[in-house]
Each structure stands twice: as structure tokens, then as C-alpha cells.
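Asker: Chains P and W are the protein sequences, given in the same order. This note's numbering numbers the first residue of the first sequence as 2 and each following residue consecutively. This note's numbering numbers the first residue of the second sequence as 2 and each following residue consecutively.
Accuracy of the hints is not assured; some may be wrong.
Copies of one chain are not kept apart here, so a pair can be met inside one copy or by any two copies together.
To be verified - Here are the simulated lysine-lysine pairs, DSBU-like style, with alpha carbons at most 35 Å apart:
1. Lys-198 to Lys-97
2. Lys-394 to Lys-325
3. Lys-364 to Lys-269
4. Lys-394 to Lys-97
In case anyone wonders, no lab produced these hints; they're calculated from the structure. This structure is a prediction, so every number in the text was calculated from the model and none was measured.
2 protein chains.
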Amino acid sequence: MTAEIISVGTELLLGNIVNTNAQYLAQKCAGLGLSMYYQSVVGDNEERMTESFRQALSRSDILILTGGLGPTEDDMTKEVCAKVMGRTLYLDEHSKSRIEDYFVRTGRKQITENNWKQAMVPEGAIVLDNHNGTAPGLIIEQGEKCAILLPGPPNELIPLFTEQVEPYLRSRCPETIYSEMVKLCGVGESRAETMIKDLIDAQTNPTIATYAKTAECDIRVTARANNETEAEEIIRPVVEELYRRFGHNIFTIREDETLEQVVVNLLKRNCLTVTTAESCTGGLLASRLINVPGASFAVKSAFVTYCDEEKMRLLGVPKEFLDKYTAVSAEVAEAMAVGGAKAGGANACLSVTGIAGPDGGTKERPVGLVYIGCYLNGKTVVREYRLRGNREKIREQAVVQALDLLRRCLIEQEGE
Amino acid sequence: MTAEIISVGTELLLGNIVNTNAQYLAQKCAGLGLSMYYQSVVGDNEERMTESFRQALSRSDILILTGGLGPTEDDMTKEVCAKVMGRTLYLDEHSKSRIEDYFVRTGRKQITENNWKQAMVPEGAIVLDNHNGTAPGLIIEQGEKCAILLPGPPNELIPLFTEQVEPYLRSRCPETIYSEMVKLCGVGESRAETMIKDLIDAQTNPTIATYAKTAECDIRVTARANNETEAEEIIRPVVEELYRRFGHNIFTIREDETLEQVVVNLLKRNCLTVTTAESCTGGLLASRLINVPGASFAVKSAFVTYCDEEKMRLLGVPKEFLDKYTAVSAEVAEAMAVGGAKAGGANACLSVTGIAGPDGGTKERPVGLVYIGCYLNGKTVVREYRLRGNREKIREQAVVQALDLLRRCLIEQEGE
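The shape of chain P in the complex, shown without the other chains (with noise of 0.2 Å):
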């Protein structure tokens, strides 16, 4: 079965706001195995929703409209799509009633006469009771096809949607879609697909594709089954084989799973502490490792040193070393490495320091060179990165880089 999403807004036309909501939908129809092909945005104009709304009907099982249901002259959602499929409107007594009980319990003072229009409803269609605002969903059931009316507003729409919306749906679905996404850092999303294009190729059932992220790429593996144990047993056997052919460069197999969380949870396993020496990364990586709920047991503090004489006094790196090798260099990324764990009194230390741009770079030194050490139980790993991109994205990735180099470590750590 087939779903698709319009949303009704003005306010998306003109950026004002971003479409939070069709995330939402289609995470939750995915979740249904109900399969989307399209979704689009419209503005509050009758002739043009008229044409979107019967193209989406003529194309799709299952239309989702979100917004317009407002009680102003502008809101004409539930109108236009009762006028597309031939269905008049009349005064529900009950829809009436619950705006007359909000506007009571919310203290507002006066219900003006367009009130009254959110309680005009389609004929036949099943009316969903909107706990938090005064617009009603709506369902309005034509032979196997459906149009889901739902309010703009997240707080509205979310809870019609997961009480009501998604057991009508998941009435509605015969198949079960499940989906495992597998994580892979230091291997680019081009060089994962050559290295599987057979494997993507030879499957239908169970699906892969892969997706970029910042200097990370992540594999989605779905299956469709009649039930979750089948889609599982179809999908081990390729997450196995994937196992096979990227190793250690597979970080976790958890969809919801990032990377620092992986770091802090081998960190934690092994009663391990780790602090941060940075320079051209400024505290993003220690902020990364922070945003994990619980950080607190594996990361105390952290240190930015933005200059030499910094870098020498909180983490006592020689004078002799910036002088010979610039701050920019694998012997201050090992001292800061070294220092930093000291300093922060840590088992680990991660640190950093390049040229994020956009001056200070020279041909044989370019915007991007990056050093990251990584200390660990009195051995210390140091690599070089060349990285692209404007500042910002340098930053990205050399956090996203020494995160990985600390798992790599404790891995082999943990192999000894």
C-alpha cells in the first residue's frame, strides 16, 4: 500500500517554518510498511490544492493532509478535500460540543461565529477527537482508498496520529517492514557501495542502500515479512556479510546509536576516563562526547588551548617542539595527547590541532592538515588527516576522525 503526505501552509512556501511534521509521517508510515513515493507542500489556494489533492488520490492508497484546518477563511484543507471526493459537509453536534468544552477549560473568553466552522464535517467520515486544540481529524474512506486530514500544529497532530491514526492504519496493512541501519566510519560512502554493489544488485528483499554523512556512512538494510522474527531472519544473513567485508569499520548496528555513544559505552566498560586537549576543534569534540546522557562517568573535563603559550602552560607542551615542528605538527598533537591526560588526570586523551581555515594554509601545509593524538594507558597513537571543506566541515570531521581513532584504540586495547 501506498501513502502520501501534502502539507498546507503558507508558512512552508515561504520558509518560515520547516516541515517537522512530514519527517514525523513518513517515519511513522515507513514503521507501517506503507511505502511513499511522494510528498509535497501546497499553499492556501483552492484551484491548487484542488489539483494536488486529486492528483494524490488518483496515485496514491493513503493521502495524509496536515494543516489548514483553522478556523479562519484562509483554511480550506477539509473543504477543498471534501469537495474532491464528492462529499457535502454538515454541523457535528459532538465536534461542536468539545470546542465549546475548550474553549471553557483552556479559559478562553469568547467562541467567535468561525468556530463553528472546524465542527462542519464531511459526510461519512470518521471524526478524531483533537485533545489539544479545536480542529478534529478527520478520515473520509472512499472504496479502498483514504484521505487522513490532520491539524498543523506538532502538538496537535502527533498524539492524533500515534492514539488514532496509527492502529486505523496498522488495521489497514497487511505487511511488516523492518529496517537495520549499519554504521560505518573510515570508509566513504562511494568506496561502501563498490565494495557491496553486488550485494545491492543481487537483493530485492531485503533491501540496501547507503547514506553520507559527515565523514561517516551509514547502511540501511530493510526487509519485508509477514511479521518482525521473518524480516529479522531475512535480514541477518546480509548484516553478517557486511560484518564480513567492513570489520571494525562497522561502529555499531544500532539505528539510534551514534558514534560518541559507542566511544562513552567501551569507555565505561573498560572503567576508563577520557579528557580532550583541542585546539582548531575548540570543544566541539568534547562537547560531542558530552551530549551523551551519563557522559559524566567517563568524561571530567576538558581543555582548549587556542594558542602556544597555552598549550604549553595547561598542557605542557615543550617550547622546543612548537618552535621546531609549528603547533600544527604530529609532535604537538602526541604532547598535547600526552599533557592533556595528565592534565585532566584521565586515562585518555584526545587531541587536536590543524588548520581549519580559512587563512593560515600554504601549499605544502593546506587548509585542512590536521593532527589527532590519541593517549591511551601510556601509549599514544598519532595520525594525519587532510580534510576539505570550509571551516565548520573541517571541524566536523575531525571530530567525527578522532572519535573513531579512540574506538579503534580501545578496541585493540580490549583484544590484548
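Place chain W on chain P using the hints.
Answerer: Relative to chain P, chain W alone:
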């Protein structure tokens, strides 16, 4: 002239990501005076892409396509668009050498065969160099109409748009549309709108629109005129009126200027240095400051102290304060700010301590309770905030509030 956006990507249809590109482009188009009636999302499917592109080109003057320009077989926005517009593809040597250069500069090991796919260009297309990735942007003109193809990652799309597409579109628009962005901090969008509702309602040229950002609010004033000077004259009195109403809540009227840039410039102008002493923000504040090019004149070091012991050891926060008031208190925020300035040898220090959640909140001290301290030349100010949202959102808001607090302290001191 009308513009339409089609975002290509299964990840949007599956709800893996939210379509921030559509919002960005819609806002930009509105700023250029282009009318937008439709936005849509379509997956990586040749037939459906063909149908959607054809429909969009028939009803709109400017079609902006995002995504689907990657090196993999799934990526076929360019191929389908070229076919719909009757163009063949050729290997563009310039783009090819840029891709080679990108691989060398980013130190990637090997270019795989599929990377050359990104150097294929439709006949007669304008090639837009992408400095942050391998997919060039493209403009394909056809009579009065045109299709603009941009890569999906925002850090590639945004610079391509501002540096190359925006000037191009401006040259095609008959009227001059000129807009100024008045950026506020410390006033919510809904209050800001109420404060200027009379101006919004009364004006048709210039128009006034508000945009909510994380703990910030932008007001865009847009004028239509025959030339830039005329447009500026139309806008000036409105901006002056906004200054009368919002005063120091306005931190800039330069569209490309960020709050952290304003703060770094104020510090530089007064020959002052700043450090940070961060708990729940974990380095995010320092990292925002250091993201300003040339920040090294004002930021030398920063401290993250994520546990009581490190607050005492590195910042000299008295143990009694932590015992008596807890780490999340005005007293500790003040001690962190004073101690941080001393430890970092800086003229100013911003401290942040709070409950970012998801755990650790109580009824009296809920998640979102944050104290920010600002030490500046011997004087310390502390503010309490009650922020809403998830862990990440709370930390982001805390960073903005901290930057804004320092900005206000610096302005006040300049006035003395």
C-alpha cells in the same frame, strides 16, 4: 516569477532526515521576490522523477532540485533532468580535475570509477564549482525557464546557493528585491511579532516577516524597488523603527553575521580576551566562539569541568558552595566564572552549569534549569534560565544565552 523546489531522496520519504534544505531555499526565494506555490519530495526512481520534473517545469519558471547528485547508481537527478530537458551528458574536464584534486587534498586513497559520474555535465549547462564536495551544482536554462541542481548536504548546498545561485537569480529577476535581516536575542518570536503587529499589518512595501531560531528571532524586511538605493530608502525607516522598539535586543542587521561574530568583534574592539568554564554545554560554547575566523585574538583557552572535583581543582570553586548549593546554582556559576577567568588568564569568562537531562531533574529543579555566569573585568553577573526541549536543544539555547549575556555586558561596559 515563480520558483518550485523538488527534493530528491529516499531518506526524506522514509523520514530519516528533516527537509531543512526546503526551508532554507524557500526563505531565500521569498527574499528574492520569487513566488513559490509548490514544494515536493520524490524518491530515487526514474519514472516518478521524470513525471515530477516535467510537471514542475510546466507550471513554474525556476525549478530547484536538491539531492541525488552523488556518485552511486541511485543518484540520477542530473540524468533524469537532462533527459526531460532534452540534453545529453558529456565528461566535463574541469569538474573531473576538481574531483581528482578533492581526493588528493582530502588524502583519500583511491578514486573509484563511479566518481567520474559526478563530472558528467548536461550540454550547455552552467557548472557551479562546489568547494565542499565532489558534486558540482548545475544550471540548465531553457528559454525563460531554468532548472538549478544542487547537492543535498546543507554544507555544500548553502555556500553554492549564496555564492553562485543567488547572484544568478538576482540577475534574472526584473525587479530588485532587497532585504535586510534584523536579528534579535532575548525576545521570543511570538512576543516579537506582537510588538510589531501594527507594522506587519500596515506594510506592503517593505514587507516584514519574523523567523524563529534557537533562542534567537530574525525579522526580515523586504522591499521591491527599481534599484538598490531606492530599496534601501524604503527599508531604512522600518529598521529605525525596529531599533526604537527592540533596542539592544538587536545584535546585528547584517544577514551573514552571527551572534558569536558580534561577540568576538566586541572583544577585539576592546582588546579583551574571553575563556569559558562549561559544565552541561561541555565545550559547545567555546567551540561556537572559535568557529569565528580569527577568534584566536580573543579566545586563548577554555575549560570543561563536568564533575564537582574538576570544578574545584581547575576553577577553584569552593567545596562548601558545591555541598551547600549543588553544582547547578547561581553561586557555583559565579565561582566558575571568576575561577575560569583566573585559570585562563582572561579578561572575561562565561560559565554554564545546568540540568540538560534527560535525567537529573526534580519538580523544583527541573530539566532545563541553567545558570550562566559572566565575569568581565572584575564584575560578575549571573542569570537563571528555564529552557525547554531535549538535551541537545537545552545545551544549544544555553550557548546562545551565554553569548548574548556577554554581548550585553560588553555593551554596558563600553557605555560606561
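Asker: Look at each hint and say if it fits the structure.
Answerer: Outcome of the hint check:
no., hint, verdict
1, Lys-198 to Lys-97, "between (53 Å within a copy, 23 Å between copies)"
2, Lys-394 to Lys-325, "within (29 Å within a copy, 43 Å between copies)"
3, Lys-364 to Lys-269, "between (42 Å within a copy, 29 Å between copies)"
4, Lys-394 to Lys-97, "between (41 Å within a copy, 22 Å between copies)"
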